[in-house]
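2 protein chains.
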Amino acid sequence: MKVAIFGVGLIGGSMAIDLKGRGFASEVLGVTRTERSAKKALELGLVDRIVTKDEAIAEADVIVLCVPVNILVEELKYVLDNVHHAVVTDMGSTKYNIVEAVRGHPKRSRFVAAHPMAGTENSGPEAAFSGLFDNKVCILCDANDADFDAVEKVEQLFHTLKMNIKYMDAKSHDIHAAYISHVSHISSFVLASTVLEKEKDEEAILEMAGGGFESTVRLAKSSPEMWSQIFEQNKENILEVMDTYIEKMYHFRNLVNKNKFTELAGFMSQANEIKKILK
Amino acid sequence: MKVAIFGVGLIGGSMAIDLKGRGFASEVLGVTRTERSAKKALELGLVDRIVTKDEAIAEADVIVLCVPVNILVEELKYVLDNVHHAVVTDMGSTKYNIVEAVRGHPKRSRFVAAHPMAGTENSGPEAAFSGLFDNKVCILCDANDADFDAVEKVEQLFHTLKMNIKYMDAKSHDIHAAYISHVSHISSFVLASTVLEKEKDEEAILEMAGGGFESTVRLAKSSPEMWSQIFEQNKENILEVMDTYIEKMYHFRNLVNKNKFTELAGFMSQANEIKKILK
Numbered sequence: 003m004k005v006a007i008f009g010v011g012l013i014g015g016s017m018a019i020d021l022k023g024r025g026f027a028s029e030v031l032g033v034t035r036t037e038r039s040a041k042k043a044l045e046l047g048l049v050d051r052i053v054t055k056d057e058a059i060a061e062a063d064v065i066v067l068c069v070p071v072n073i074l075v076e077e078l079k080y081v082l083d084n085v086h087h088a089v090v091t092d093m094g095s096t097k098y099n100i101v102e103a104v105r106g107h108p109k110r111s112r113f114v115a116a117h118p119m120a121g122t123e124n125s126g127p128e129a130a131f132s133g134l135f136d137n138k139v140c141i142l143c144d145a146n147d148a149d150f151d152a153v154e155k156v157e158q159l160f161h162t163l164k165m166n167i168k169y170m171d172a173k174s175h176d177i178h179a180a181y182i183s184h185v186s187h188i189s190s191f192v193l194a195s196t197v198l199e200k201e202k203d204e205e206a207i208l209e210m211a212g213g214g215f216e217s218t219v220r221l222a223k224s225s226p227e228m229w230s231q232i233f234e235q236n237k238e239n240i241l242e243v244m245d246t247y248i249e250k251m252y253h254f255r256n257l258v259n260k261n262k263f264t265e266l267a268g269f270m271s272q273a274n275e276i277k278k279i280l281k
Numbered sequence: 003m004k005v006a007i008f009g010v011g012l013i014g015g016s017m018a019i020d021l022k023g024r025g026f027a028s029e030v031l032g033v034t035r036t037e038r039s040a041k042k043a044l045e046l047g048l049v050d051r052i053v054t055k056d057e058a059i060a061e062a063d064v065i066v067l068c069v070p071v072n073i074l075v076e077e078l079k080y081v082l083d084n085v086h087h088a089v090v091t092d093m094g095s096t097k098y099n100i101v102e103a104v105r106g107h108p109k110r111s112r113f114v115a116a117h118p119m120a121g122t123e124n125s126g127p128e129a130a131f132s133g134l135f136d137n138k139v140c141i142l143c144d145a146n147d148a149d150f151d152a153v154e155k156v157e158q159l160f161h162t163l164k165m166n167i168k169y170m171d172a173k174s175h176d177i178h179a180a181y182i183s184h185v186s187h188i189s190s191f192v193l194a195s196t197v198l199e200k201e202k203d204e205e206a207i208l209e210m211a212g213g214g215f216e217s218t219v220r221l222a223k224s225s226p227e228m229w230s231q232i233f234e235q236n237k238e239n240i241l242e243v244m245d246t247y248i249e250k251m252y253h254f255r256n257l258v259n260k261n262k263f264t265e266l267a268g269f270m271s272q273a274n275e276i277k278k279i280l281k
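These protein sequences, in sequence, are chains S and A. Sequence positions in the first sequence follow my numbering and run 3 to 281. Sequence positions in the second sequence follow my numbering and run 3 to 281.
With the rest of the complex left out, here is chain S:
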């Protein structure tokens, strides 16, 4: 099976390695927007060939869109406008605007919207590695709007990546993503920014990082371009969860300020409940 990957960065590159290495793809075609990525992807052996969009659409059995969310809709429409038999899937971190954009498209049923919950704070072809997706969750959205054979092929693809597949409608996906994943990134970006402003002593940051800072701030190393696009796409849900977050942060501050430390311990005990869900 020929697999074409649009965007050979952390996600696309890691996918390329394991789809080829584990026998799902007989050949991996890469489509990149820059000369640099094309060169890197070939150099690192992530793809077999670099081709144009049209060549990819003509040749591939499966097309995987791993491009940034701000150009995803445009790329998806172009691909669906030109595709014949191939199955198309995407890796976008937001889903509602994407499925909305192609609702009613004559080739809508060849498209399976997906979001693999995997990643690191690094990006680009150099960041790709085998095993990135192993044992992680992949969410397929509005799978009922796709052909049975298309869903089946995409499921095969994610099973090859050893992912645990879940099904959700796109609207719910975006709400859950905002509430769980996106707000985590925001709190981490704000934490990094706060520490960098207050703490002028870099040596102290390094020395004290073991006290919980290092793991909590990890997401603040993520790509600003990628995340500003995600926040834009998922604006309404994000504003809603941020308001709750800010309200709670104020409440926390007031408890400290008013010396209500028993109540504060109560607040933290409720937060502790997360242990019951995440062992």
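Quick caveat, the hints were computed from the structure, so don't treat them as lab data. Warning: the hint list may mix true and false statements.
Copies of the same chain are indistinguishable here, so a pair counts whether it falls within one copy or spans any two.
[Unchecked claim] In silico DSSO-like links for lysine-lysine, alpha-carbon gap of 30 Å or less: (1) Lys155 <-> Lys262; (2) Lys4 <-> Lys278; (3) Lys260 <-> Lys42; (4) Lys173 <-> Lys260; (5) Lys223 <-> Lys262; (6) Lys278 <-> Lys223; (7) Lys168 <-> Lys202; (8) Lys173 <-> Lys262; (9) Lys55 <-> Lys22; (10) Lys281 <-> Lys223; (11) Lys202 <-> Lys4; (12) Lys278 <-> Lys138; (13) Lys200 <-> Lys260; (14) Lys79 <-> Lys262; (15) Lys4 <-> Lys277; (16) Lys22 <-> Lys4.
Using the hints provided, position chain A relative to the given structure of chain S.
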């Protein structure tokens, strides 16, 4: 050398294992406040004997206070009031109130204030394990106020634990700790609380946790009792850093709300600078 450990939980217990296992202590004496901890510490082989405070003070060459910060001052005063030749050190997460409380004490110079930057979100004797402190940083505060031989013995102790020792005055320590470690815990507690309030679907939390939530929320599993005490002890510094955090969170929200996504990417690029410090 006989080492007495007051409070055999995660910190005291892990210390006991490695001080004995690596030959620093010929015998480890445990002092606990509850029957349950005493039993557990013996059962798990963390200590050789459970003794009373007075027995520990009479017998030990080194006394390590691993008790919660709200009773640390009281315990430290009791120990210094009664100690003869032994060296005393503590593991409290705040330092200024502790050194202030024993300033001018006739035995002040037998005390070396310490803060090992190590821990997990778990607590109690069952949470103790060998290697907890390996390659982490330990901060000694106001070491000039202690006798040379006392500092030297405490340095040996932390070298046995394979810790990298740094020196700081107690006041600076508390500011750095608030700015770096304590605010990380607060943002994590607030994140957990927000997600638990907004997201009623536990299955979704579990499924989406891989998208950054799991690592960012880890600290919210920490002990509410321990942390409310730390926040109480370090109140002024914590309020100051929380104000900066809240201000930045508002700024972030406003950028999203007003569709200023280029500016938002700029904000996140500044946060990205943390990469230069924490590789």
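Each hint tested on the structure:
In this assembly of identical chains, the alpha carbons of lysine 155 and lysine 262 never lie at most 30 Å apart, being 57 Å within a copy and 39 Å across copies at closest. For the identical chains of this complex, lysine 4 and lysine 278 are neighbours neither inside a copy (43 Å) nor across copies (40 Å), given an alpha-carbon limit of 30 Å. Neither within a single protomer nor between protomers do lysine 260 and lysine 42 lie at most 30 Å apart by alpha-carbon distance, with minima of 57 Å and 37 Å respectively. In this assembly of identical chains, lysine 173 and lysine 260 lie within 30 Å of each other by CA distance solely across copies; the values are 23 Å between and 41 Å within a copy.
Taking the shortest Cα distances, lysine 223 and lysine 262 sit within 30 Å of each other only across copies (21 Å), while inside one copy they are farther apart (35 Å). Taking CA atoms no more than 30 Å apart as the test, lysine 278 paired with lysine 223 passes in both settings, with 28 Å inside one copy and 10 Å between copies. In this assembly of identical chains, the alpha carbons of lysine 168 and lysine 202 lie at most 30 Å apart only when taken from different copies (17 Å versus 45 Å within one copy). Taking CA atoms no more than 30 Å apart as the test, lysine 173 paired with lysine 262 passes between copies only; the shortest distance there is 24 Å, against 40 Å inside one copy.
When the C-alpha separation of lysine 55 and lysine 22 is checked against a cutoff of 30 Å, the pair qualifies only within one copy, where the shortest distance is 20 Å, while the shortest distance between copies is 65 Å. In this homomeric assembly, lysine 281 and lysine 223 come within 30 Å of each other (Cα to Cα) both inside a single copy, at 26 Å, and across copies, at 10 Å. Proximity of lysine 202 to lysine 4 under the C-alpha cut-off of 30 Å is found in neither arrangement, the shortest distances being 52 Å within a copy and 41 Å between copies. In this assembly of identical chains, the alpha carbons of lysine 278 and lysine 138 lie at most 30 Å apart whether taken from the same copy (20 Å) or from different copies (29 Å).
Taking the shortest Cα distances, lysine 200 and lysine 260 sit within 30 Å of each other both inside one copy (23 Å) and across copies (26 Å). Proximity of lysine 79 to lysine 262 under the C-alpha cut-off of 30 Å is restricted to the inter-copy arrangement: shortest distance 26 Å between copies versus 56 Å within a copy. Taking CA atoms no more than 30 Å apart as the test, lysine 4 paired with lysine 277 passes in neither setting, with 43 Å inside one copy and 38 Å between copies. Taking the shortest alpha-carbon separations for lysine 22 and lysine 4, only the intra-copy value of 10 Å comes in at or below 30 Å, while the best inter-copy value is 60 Å.
In summary, the numbered hints that this structure violates are 1, 2, 3, 11 and 15.
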